[in-house]
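Last residue of the sequence shown? That's 156 in the UniProt record's numbering, and every number before it is there in order.
Watch out, some of these pointers could steer you wrong.
[As the list claims (entries may be wrong)] Straight-line Cα separation of at most 25 Å, DSS-like style, residue types lysine-lysine; simulated pairs:
(1) K122 x K111
(2) K119 x K133
(3) K117 x K103
(4) K20 x K101
(5) K20 x K111
(6) K143 x K122
(7) K119 x K28
[As the list claims (entries may be wrong)] Pairwise CB distance ranges (calculated):
(8) K156 x P114: 37 to 47 Å
(9) K134 x E33: 37 to 47 Å
(10) K156 x V7: 41 to 51 Å
(11) N151 x C31: 45 to 55 Å
(12) I129 x F74: 11 to 21 Å
(13) K34 x P130: 17 to 27 Å
If you are wondering where the hints come from, they were derived from the structure by calculation, not from laboratory data. Glycine included, each C-beta is placed from N, C-alpha and C at the ideal position.
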Amino acid sequence: MDGKHTVFFTVMVYIIEDDKIVMIQEAKSSCKEKWYIPAGKMQLGEDVFESAKRETLEEAGVEIENPKIFDTDFRPYFNSLDYVRFHLTATISGGSLKTLKQKDKESMQAKWIPLSKLKDYKLRCPDFIPYIKKAQEFTLKEKIFAEHLENEKQNK
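Could you put the whole structure together from the sequences, leaning on the hints where they help?
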């Protein structure tokens, strides 16, 4: 062993509305044409939120707002490397989902996919699926809390 150890920090972005999730179709040769959520490695000097915005724009073609971390996990020795993953929710604030005509080295296209139809898609990896419910619950709690704060503000 050479004493070197690499840990990658990555973001995984869950854009969910009306029981649909934004998914991208991969262009990379190792997982070409398989589907996954916008995700990727953080770049040196980026914070988690900047990374989430960059990855989503590069892969899905849309700008996001209000990215919020709802979970983290650690994947030791996955493909001979360690990964710390930040799971974030976000909403679309601009742009439009990438089409096949706009495919590039990052992704072929992006689509809203009904959660009930995910099983019909060839996924790069199903590791994100357990986090969908967590993302939905987090978003609901955030909405309820914001409504509560607004009501408190109006009652003063």
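Hint by hint, here is what the structure shows:
no. : hint                    : result
1   : K122 x K111             : holds (14 Å)
2   : K119 x K133             : holds (15 Å)
3   : K117 x K103             : holds (23 Å)
4   : K20 x K101              : holds (23 Å)
5   : K20 x K111              : holds (9 Å)
6   : K143 x K122             : violated (32 Å)
7   : K119 x K28              : holds (22 Å)
8   : K156 x P114: 37 to 47 Å : holds (42 Å)
9   : K134 x E33: 37 to 47 Å  : violated (27 Å)
10  : K156 x V7: 41 to 51 Å   : holds (47 Å)
11  : N151 x C31: 45 to 55 Å  : holds (46 Å)
12  : I129 x F74: 11 to 21 Å  : holds (18 Å)
13  : K34 x P130: 17 to 27 Å  : holds (18 Å)
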